[in-house]
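Trainee: These protein sequences, in sequence, are chains A, B, C, D, E and F. Quick note on my numbering: the first sequence kicks off at -7 and runs consecutively. Quick note on my numbering: the second sequence kicks off at -7 and runs consecutively. Quick note on my numbering: the third sequence kicks off at -7 and runs consecutively. Quick note on my numbering: the fourth sequence kicks off at -7 and runs consecutively. Quick note on my numbering: the fifth sequence kicks off at -7 and runs consecutively. Quick note on my numbering: the sixth sequence kicks off at -7 and runs consecutively.
I should point out that these hints are in silico values taken from the structure, not numbers from a laboratory. Heads up, the beta-carbon is just placed ideally off N, CA and C, and yes, glycines get one too. Hints are not guaranteed to be accurate.
Residues on chain D that point at chain F, a partial pick, calculated with CB under 10 Å [what the hints assert, rightly or not]:
(1) Asp3
(2) Glu24
(3) Tyr54
(4) Ser63
(5) Met224
(6) Pro241
(7) Asp262
(8) Arg265
(9) His287
(10) Asp289
(11) Thr291
(12) Ala293
(13) Arg323
(14) Pro324
Below are the DSSO-like pairs computed for lysine-lysine, each with C-alpha atoms no more than 27 Å apart in a straight line [as the list claims (entries may be wrong)]:
(15) Lys91(D) <-> Lys91(A)
(16) Lys91(F) <-> Lys91(E)
(17) Lys91(B) <-> Lys91(C)
Protein chains: 6
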Amino acid sequence: MTRYGPQFGPDITFLGVPRCDLDDPETYADAEVVILGAPFDGGTSHRPGTRFGPMAIRMTDYLAHDGSRPSLALRTDGLVDLKVVDAGDVEMYSGEIEKALPALEAAVEKVARAGKIPVVLGGDHSIAYPDAKGVANVLGHGRISMLHFDAHADTGDIEFGSLWGHGQPMRRLIESGALRGDRFLQIGLRGYWPPPETLDWMAGQQMRSYEMTEIGQRGLEECLTEAFGIAMDECEGVFLSVDIDVCDPGHAPGTGTPEPGGISARQLLDSVRRICLELPVVGIDVVEVSPPYDHADITAALANRVVLEALSAIARRRQDARDGTSWDPRRPLLDGR
Amino acid sequence: MTRYGPQFGPDITFLGVPRCDLDDPETYADAEVVILGAPFDGGTSHRPGTRFGPMAIRMTDYLAHDGSRPSLALRTDGLVDLKVVDAGDVEMYSGEIEKALPALEAAVEKVARAGKIPVVLGGDHSIAYPDAKGVANVLGHGRISMLHFDAHADTGDIEFGSLWGHGQPMRRLIESGALRGDRFLQIGLRGYWPPPETLDWMAGQQMRSYEMTEIGQRGLEECLTEAFGIAMDECEGVFLSVDIDVCDPGHAPGTGTPEPGGISARQLLDSVRRICLELPVVGIDVVEVSPPYDHADITAALANRVVLEALSAIARRRQDARDGTSWDPRRPLLDGR
Amino acid sequence: MTRYGPQFGPDITFLGVPRCDLDDPETYADAEVVILGAPFDGGTSHRPGTRFGPMAIRMTDYLAHDGSRPSLALRTDGLVDLKVVDAGDVEMYSGEIEKALPALEAAVEKVARAGKIPVVLGGDHSIAYPDAKGVANVLGHGRISMLHFDAHADTGDIEFGSLWGHGQPMRRLIESGALRGDRFLQIGLRGYWPPPETLDWMAGQQMRSYEMTEIGQRGLEECLTEAFGIAMDECEGVFLSVDIDVCDPGHAPGTGTPEPGGISARQLLDSVRRICLELPVVGIDVVEVSPPYDHADITAALANRVVLEALSAIARRRQDARDGTSWDPRRPLLDGR
Amino acid sequence: MTRYGPQFGPDITFLGVPRCDLDDPETYADAEVVILGAPFDGGTSHRPGTRFGPMAIRMTDYLAHDGSRPSLALRTDGLVDLKVVDAGDVEMYSGEIEKALPALEAAVEKVARAGKIPVVLGGDHSIAYPDAKGVANVLGHGRISMLHFDAHADTGDIEFGSLWGHGQPMRRLIESGALRGDRFLQIGLRGYWPPPETLDWMAGQQMRSYEMTEIGQRGLEECLTEAFGIAMDECEGVFLSVDIDVCDPGHAPGTGTPEPGGISARQLLDSVRRICLELPVVGIDVVEVSPPYDHADITAALANRVVLEALSAIARRRQDARDGTSWDPRRPLLDGR
Amino acid sequence: MTRYGPQFGPDITFLGVPRCDLDDPETYADAEVVILGAPFDGGTSHRPGTRFGPMAIRMTDYLAHDGSRPSLALRTDGLVDLKVVDAGDVEMYSGEIEKALPALEAAVEKVARAGKIPVVLGGDHSIAYPDAKGVANVLGHGRISMLHFDAHADTGDIEFGSLWGHGQPMRRLIESGALRGDRFLQIGLRGYWPPPETLDWMAGQQMRSYEMTEIGQRGLEECLTEAFGIAMDECEGVFLSVDIDVCDPGHAPGTGTPEPGGISARQLLDSVRRICLELPVVGIDVVEVSPPYDHADITAALANRVVLEALSAIARRRQDARDGTSWDPRRPLLDGR
Amino acid sequence: MTRYGPQFGPDITFLGVPRCDLDDPETYADAEVVILGAPFDGGTSHRPGTRFGPMAIRMTDYLAHDGSRPSLALRTDGLVDLKVVDAGDVEMYSGEIEKALPALEAAVEKVARAGKIPVVLGGDHSIAYPDAKGVANVLGHGRISMLHFDAHADTGDIEFGSLWGHGQPMRRLIESGALRGDRFLQIGLRGYWPPPETLDWMAGQQMRSYEMTEIGQRGLEECLTEAFGIAMDECEGVFLSVDIDVCDPGHAPGTGTPEPGGISARQLLDSVRRICLELPVVGIDVVEVSPPYDHADITAALANRVVLEALSAIARRRQDARDGTSWDPRRPLLDGR
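The following block holds chain A by itself, in its conformation from the complex (with noise of 0.2 Å):
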């Protein structure tokens, strides 16, 4: 049975949201985001620590953790408008990967069959094999797409004799049947990883990946505009799964695995932004912060605020669904007040 509570010091919620329990439906029926923090860091293949990744994305931050904040941006309050409340951490020992995903995908699939959106925060990247698998398991093998933003492709078969790691979670969404290959849409990848035959493999699922090069020379902007076509063809939700190393590691340095030659934490939120605006998205995992090797904590408040900017634009995206309004991003901050 999954269990759950603060495995890492004190009970905390993200910014100080009302907490839920799983095992509870009312406490949670009026919610539409619901926060799981999973605090695993068994799969990672260098770098240690995602396991505080839950504990400092939901307490960095300079604000009064009241359980509000209202985006200048976006004139919405993530946190109130969304009614977001916070599960805790399922428990998720970091020996054992085979038993701690599965603990978390039950959790995850909990909250999508309440009609909620789940926003998990990690942790190191295996998660987002029960995260998305999880919420399909609700809306429906192959009806969700995937864009992730990352450095890495996670497309690797067996590593360390294992097939579950940081490094895989994506190839074993497909594998599952969980996600189509061809709705797969990668953002940010750089570097030497993974080799040509597992680029071949990717090639064969029809994954779309958005390496940097490609980035540079369209620019991001068109580039995510292409994304979201695919993604929304034959899919009815999006699952958004940021990888905070994406993000450069002069942006994001707590990390495990850092690859030079990311986009800005200012790239990184506006893309977010868009994507929670303009897409149905049906779940989020923040993943691979790792308090050790962060430095004044700009990496856990960057994926702090990862969070909080999904929130808004969800907020922001259904407000205007209701009230037939459009949000301008040309209007000035103190405009219309």
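Please build the complex by placing chains B, C, D, E and F on the supplied structure of chain A, with the hints as guidance.
Mentor: Leaving out everything else, chains B, C, D, E and F in the frame of chain A:
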């Protein structure tokens, strides 16, 4: 009575410029710029440490402390050409903000009254009130505009039960009448503060705040050009207040309230250069450098360069005015030598 | 009116003990100890950061935050056996020391008046004034002695133009009449402060200060035994004030005014244990933990253990009194189980 | 099948000793000691990072990596005199503890079966189970005693739902019959773990655990002497397991579960020396060095010196046995040269 | 006589490529590239530490040290396709620069004379003199141009009373006749050094230096294109010297003389790629990585990637030349697989 | 010609004592002690950074830089009572050790010739040669003994092909005849260097080296007493050379070649005090403080206190000699005031 001297550590001056004594006008009679330290962090709402900002900004440079810094780009030596002197630190006890801020105001006013440009090294941003008010007391309330680089609007009302703190100086300046709300130009705002009621107050004051979304859409250059037009309408001078957290935490980790998604160090330096080249700057402060959270001194180094960039550009502007010349940013470094 | 709550970060309690509300006496009616946070660093003369001390001391432990800590050595569970509760932080704005200290005094006094032992987590050492005075207000001025572990005497007069700060609380306590100078026992002093005139004042008050040289010559145990005798002469209770900088900086780097040559962590823990076992402790504070200067959280961990050691020993003393038993330090861990 | 090689980073040996290949007995036929790396942190209950322990312990020394270290004190060269070789790392995937530990056990057993002393560089303390059991499998279950330096008893039962982890190896060793509970000597315990029921189990096993209070009262030397007597009663060899957290966090900050109040680095080195001089050591592990939490590499340096001290003393013991000599700790360094 | 081997730490090669012995030509007969370490920081004018640069650049990667790195973007494996080997470190004692630099020059010349491309891992920038001169000694003085990425011109005359240091190599190269001043292309200069008289000397040599202002105005791509034209006029080869401080300190904090306002890591990698794809590179050095000032190894990781980017692009260029193909930067990653 | 001034950073003096100019004898005519900085790390065999030692040792104190430090324990103000002045740094370029060391020797000799005690702030330990030789040049070769605190003997012969470096100064001093081998007292040696042949050379010189084992067995006090007897036999003065790495790395992490198992900070301070109280000290150096590897400035603070302890004790000794008094270490701090 206001006392001066090194509040922390040894008695040094900014990169070795001559010392002056504010109580002895002859010591700064020839100077065009007087540097003041404001080693105060009693007003910060989160991570402290800016009390060591003046020492760090004065010291952090790998070149000799010889009081000379010829700018490659601007072909002037801001320290020498402007005869910069350093008056040391105003004694500001962090535990008593209501005594500390007036002491600084008196010192800044004394510099301004002598016809010099005060350059104040913070310290947290609560010092912007005495800094800008000290100048306005001399040049006339309502006669100078504010160019304010920051992630935060700093227009809060009462916080922690006090009117005074680093989240409130801009409100206090406007309320005091020292500065006009409609000549308040803010660059780089982002994130989740202040709340809507404060934004409404700002709108009511006709402040002009460029949030990062607008800057991203229109471009920083265009926003600055527009801001310059507003700033010089019915005002004779500009106060430049640079909160180092306007930069992305990747470029400026050593600060108290880091907000991801900011401008780059290069953009900040270019903006400061343009302001000091194109506008009549009458006072400057550089604030929120917190050495305990810095790494490899990169934030202190950036703040040091913000000061030098400003001084170099002011020197360039004055020299061009004297000589009838004009600086060309596209001219190669070695051209014409 | 004094306000309580988490001033920085999430709302947590010391290692998960139950929360109480100082305004609701029922919430701590059963408790023997009430923990208070004093997140204040406005009184520090050098490196700040102790505002984050309460959060760090509450959190820094690798064990579960379950409100239970059975001591191997003392065979008690201080948190459970004493029914420890945590009232959260007293709101103390670092910029206004003259408002902050009385707010803390009121809270401490309320705890003492309810017959509970207040344990205050600092914060800088300026809080010792409200801490000890708050207790003395209840038990009687001149009726409690002070056992003060510190590298510094903290008996300064006016500093930075203020009567209040972390170098002065002991003088203010004696001047106020709350504590008798001749019942003031200081352990661990060393270095180059205060100056001779202050030492003369201390001698005039008949304070008893054990400088490290005397401790090295006579042994810490002998000095403590002598001090205990003085402390209990005409006094009914002891206030224990532990400045973490009594330890050598190698054992406690995360502090504001580190003075080399201090006692070891082991010596501090053993001394705290003896005091709480042998004397009637009526109040405690643990101060000067500055997380920004800590490494690998070792200073915060030490402070956490100082609190636990004190609570375990108080529990042991009370249990021995009830049961007529006596604790034997030479008894092997597993003996008698 | 157990695979060997550098799991993280370059393929290096301990201070440059020759490499051996466990699958090729000729490569270590002449050696008396074989070093193994166990780069595993899947069993840690709190701060991870010990996967990088083997690399850090092998590398951290300011002297040349030349495979020679003549001890000043012991007048032997442990690396050369014992013909130490390094077999590299056993591949241990942190996510699958139940595969990783048996792989290590097989490797240790192979070394022991060849008549060599295995020296295992951890890794978290869960490796003590395969380390000691691998040796006992060869020398006989119940035939070797354990000398265990640690802040923690590591005798937990199920944790995080698993029988395997760094808090449980000692219980598993006793339960498996590999080691006798009444030949289990623990030095340096302290703090608040394990709980009473676990202590009861330990007492039931007739373990002998020296908590820091007893060590402080009786002296470490006397405790060791007593422990040596127990260890050699009906046992032919001693396994030495050194958890670096037996030292105070001031001396060993780079570890996962630091417990204040430990012994000093000097005391640990002296104790290891005495054990290896006076007892027949048949296996060693040095564990819980976590480089991400280390500072200036002082913890890794200490662990490196623990290994060298052990090897030097074993060499001294063997040389004295051969030559009929006896080492005199009071002899001056240059005496007799 | 020049000696080779690991000057600090273990004897490792760049990401596991085969070792060669410069004194045994057969060991590098098949290679197209030979890597050399220059562990020297005796020439630095401020923060030292680059002596550990070669070790850090060789080691810092999260992937296996297997001597293979297939580039996602360039579809080549620079290490394998170019048969890269590593000759280890040239012994360079930091205290004797006048012995150290000639030793390096001899080694570089030996590599060049064998027809291989030397890639030198610094060390401080004083090594650029022996690096480029060693190559020019073979290819002809005045026959190779220099592409120099740096915040600083490194054209100082005498400093600290010495002709040799990290601020002077470019002047010495031109004065020696090894390189022509008018084929010296500098990218990324900024800040406040060198002084005007040095700039005059540079102008007199007809150097072409792109200061950041010009780069900002014209764009880095256009500047590079112009520089390429100059570089290839009457020269047969290009030496690429990359001082990591050309990047902004946010992207490269671990360096000795950080100058805010530099290019991003992405820009540096793209520029290095273009140079190695479009020009005949005959030698490379990557310098000024100072690990003691690095954080989370991000500067070392960047330097490692600069080397790999260069090698990948050289391999791509050679393969395209052989196959008559042409690399298309806009081609999607998985296209054509 | 030897030049003086601040080689790195601002021009400061030790804790604010008056500056003097070595070329102007009047500026130090009244002083009994002259401080010199030796910002040199070209001689270090491993981690550099001691070039910043003089600045760090001068600055690192939380008290005001007012040139006064009344010692609690010794009841003197070393800085004031001895009229200490600071001559600034000798310019020592780390790349040219053979120029740097003679420049320092000349400066030290000048101070000694004026009858003052030179106190040299290192810098790496290669400076001990010019430091002690500079004094012996004045007082007579063979007329002063050496009290040398260190983990290392520093008696190496040629290293890295050079006679000069931080592992060799003691050999050079003896070989030069400046100091007698049989008046060389070494305290704190340990570890694995130097090799036996060097130890044989040392024995041949009749050096007396107290390794930590002997110190542990006999006690530091007894060893010192014995050493004092040797030191004063046929010698008129003592040079005190303190390598901060004599302390355990837990107490002094910021150094280049940390060797675990050293003495505590308290032991070092007490030893320095005894030496300066009981022996006629004629020169001092404090070396091997490397700020890049320090944490929270604890190593620099310790070195600062070593200097102050020495100066305070010299002042005490001189005052007791003048007054016929005698200092009692058991006298309580406030006794007799």
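Trainee: Could you run down the list of hints and mark each one as holding or not?
Mentor: Here is how each hint holds up against the structure:
no., hint, verdict
1, Asp3, "23 Å, violated"
2, Glu24, "19 Å, violated"
3, Tyr54, "4 Å, holds"
4, Ser63, "6 Å, holds"
5, Met224, "24 Å, violated"
6, Pro241, "9 Å, holds"
7, Asp262, "7 Å, holds"
8, Arg265, "8 Å, holds"
9, His287, "5 Å, holds"
10, Asp289, "8 Å, holds"
11, Thr291, "9 Å, holds"
12, Ala293, "6 Å, holds"
13, Arg323, "7 Å, holds"
14, Pro324, "6 Å, holds"
15, Lys91(D) <-> Lys91(A), "14 Å, holds"
16, Lys91(F) <-> Lys91(E), "14 Å, holds"
17, Lys91(B) <-> Lys91(C), "14 Å, holds"
The structure does not agree with the numbered hints 1, 2, 5 stated previously, though it agrees with the rest.
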